[in-house]
Amino acid sequence: TKAAPSNLKHYNVPVIFNGEMYINLKSFAENGTFSILFGLNSISSSCGGVDSMQIEFSYSNGIYCGIYEYQTENVPTDISAKKKYGSLKIGTAFKLEVKAYTDKRVDVYIDSQPVVIGKPIKTDLAGFISCVSTGKNNVEASNFNVYAFAYDNPQNVDYTETFDGGYNSNVF
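Using my numbering, you'd call the opening residue of the sequence shown number 1 and step up by one each time.
Please note that the accuracy of each hint is not assured.
Label pairs and their calculated CB-CB ranges [unchecked claim]:
no., residue 1, residue 2, range
1, ILE90, VAL50, 11 to 21 Å
2, TYR11, GLY91, 41 to 51 Å
3, ASN12, TYR85, 27 to 37 Å
4, ASN41, GLY91, 27 to 37 Å
5, TYR147, LYS119, 13 to 23 Å
6, ASN31, HIS10, 38 to 48 Å
Heads up, simulated DSSO-like pairs for lysine-lysine below, C-alpha to C-alpha not over 27 Å straight-line [as the list claims (entries may be wrong)]:
no., residue 1, residue 2
7, LYS9, LYS104
8, LYS99, LYS122
9, LYS136, LYS83
10, LYS95, LYS136
11, LYS84, LYS119
12, LYS26, LYS99
13, LYS26, LYS122
14, LYS99, LYS119
15, LYS82, LYS26
16, LYS104, LYS122
17, LYS119, LYS9
18, LYS136, LYS104
19, LYS26, LYS9
20, LYS89, LYS122
21, LYS104, LYS119
22, LYS99, LYS82
23, LYS83, LYS26
24, LYS136, LYS122
25, LYS122, LYS84
26, LYS89, LYS99
27, LYS83, LYS122
28, LYS84, LYS99
29, LYS104, LYS89
30, LYS84, LYS9
31, LYS9, LYS89
32, LYS136, LYS82
33, LYS99, LYS83
34, LYS26, LYS136
35, LYS82, LYS95
36, LYS26, LYS95
37, LYS26, LYS104
38, LYS104, LYS82
39, LYS82, LYS122
40, LYS99, LYS9
The set of hints was computed from the structure by calculation and includes no laboratory data.
This structure is a prediction, so every number in the text was calculated from the model and none was measured.
Don't be surprised by glycine CBs; every beta carbon is placed ideally from N, CA and C.
Could you put together the complete structure from these sequences and hints?
Encoded structure:
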């Protein structure tokens with residue numbers, strides 16, 4: 001189960017996670033894709049899962065990047081429409097930075113250049129992160145640094161113990 005961002009926000013934690021990685025698209029199939037997925041519900045979740053975000057890189061006579069969120073299974077909504085990034089080159093590493101806020105906003109930077117800043121989103125990006133590639137691509141993803149916050153909400157009960165005839169050890 002994902003941590004609710006509103007719980008973290010309640011405790012004055014403004015950021016769910018702040019992550020960065022280096023990506024080198026060493027070779028890329030025409031119409032191939034490489035995606036980084038955020039907010040997956042489980043380790044076995046796949047691209048297009050409910051309540052997740054996808055940063056997708058594709059190649060068609062240049063490198064393109066699009067950012068999508070999924071409020072419904074396999075139904076993407078644009079956070080940032082796919083567009084060509086002339087500064088990205090096959091065989092040259094670039095830095096990807098992502099910051100997700102507890103008030104459901106996201107920042108994405110490519111080589112320190114903003115793609116989106118403070119973009120409101122409807123999905124909860126707490127959860128698992130994954131990389132997915134389609135096509136005959138050779139992609140190197142390295143130097144992952146993810147700083148994440150978690151919220152543990154224990155299941156408490158109202159219980160009064162008089163210790164008459166023992167006590168309920170499941171509560172203590």
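Status of each hint after checking the structure:
1. ILE90 with VAL50: 11 to 21 Å: 33 Å, violated
2. TYR11 with GLY91: 41 to 51 Å: This hint holds: roughly 44 Å between Cβ atoms.
3. ASN12 with TYR85: 27 to 37 Å: The hinted range 27 to 37 Å holds for ASN12 and TYR85, with Cβ atoms some 36 Å apart.
4. ASN41 with GLY91: 27 to 37 Å: Since the Cβ atoms of ASN41 and GLY91 sit about 35 Å apart, the hinted range of 27 to 37 Å holds.
5. TYR147 with LYS119: 13 to 23 Å: Once the Cβ atoms are compared, 20 Å apart, the range 13 to 23 Å for LYS119 and TYR147 holds.
6. ASN31 with HIS10: 38 to 48 Å: Because 45 Å falls inside the window, the suggested range holds.
7. LYS9 with LYS104: 10 Å, holds
8. LYS99 with LYS122: 15 Å, holds
9. LYS136 with LYS83: 21 Å, holds
10. LYS95 with LYS136: 22 Å, holds
11. LYS84 with LYS119: Within the cut-off at roughly 20 Å; holds.
12. LYS26 with LYS99: 26 Å, holds
13. LYS26 with LYS122: 33 Å, violated
14. LYS99 with LYS119: 11 Å, holds
15. LYS82 with LYS26: Holds, at about 20 Å.
16. LYS104 with LYS122: At roughly 6 Å apart (the allowed maximum being 27 Å), LYS122 and LYS104 satisfy the hint.
17. LYS119 with LYS9: 17 Å, holds
18. LYS136 with LYS104: 35 Å, violated
19. LYS26 with LYS9: Violated: LYS26 and LYS9 sit about 40 Å apart, past 27 Å.
20. LYS89 with LYS122: Not satisfied, since the Cα-Cα distance of roughly 32 Å exceeds 27 Å.
21. LYS104 with LYS119: 8 Å, holds
22. LYS99 with LYS82: Roughly 19 Å separates the two Cα atoms, so the pair holds.
23. LYS83 with LYS26: Given that 27 Å is the threshold and the Cα spacing comes to 20 Å, the pair holds.
24. LYS136 with LYS122: Distance of about 33 Å is beyond 27 Å: violated.
25. LYS122 with LYS84: Cα-Cα ~25 Å, so holds.
26. LYS89 with LYS99: With a Cα-Cα distance of about 24 Å, the restraint between LYS89 and LYS99 holds, given a limit of 27 Å.
27. LYS83 with LYS122: 22 Å, holds
28. LYS84 with LYS99: Status holds; Cα separation ~22 Å.
29. LYS104 with LYS89: Outside the cut-off at roughly 31 Å; violated.
30. LYS84 with LYS9: With a Cα-Cα distance of about 35 Å, the restraint between LYS84 and LYS9 is violated, given a limit of 27 Å.
31. LYS9 with LYS89: 39 Å, violated
32. LYS136 with LYS82: 21 Å, holds
33. LYS99 with LYS83: Status holds; Cα separation ~21 Å.
34. LYS26 with LYS136: 11 Å, holds
35. LYS82 with LYS95: Judged against 27 Å, a Cα distance of about 18 Å means the pair holds.
36. LYS26 with LYS95: Holds: LYS26 and LYS95 sit about 14 Å apart, inside 27 Å.
37. LYS26 with LYS104: 33 Å, violated
38. LYS104 with LYS82: Within the cut-off at roughly 21 Å; holds.
39. LYS82 with LYS122: Holds, at roughly 19 Å.
40. LYS99 with LYS9: With a Cα-Cα distance of about 15 Å, the restraint between LYS99 and LYS9 holds, given a limit of 27 Å.
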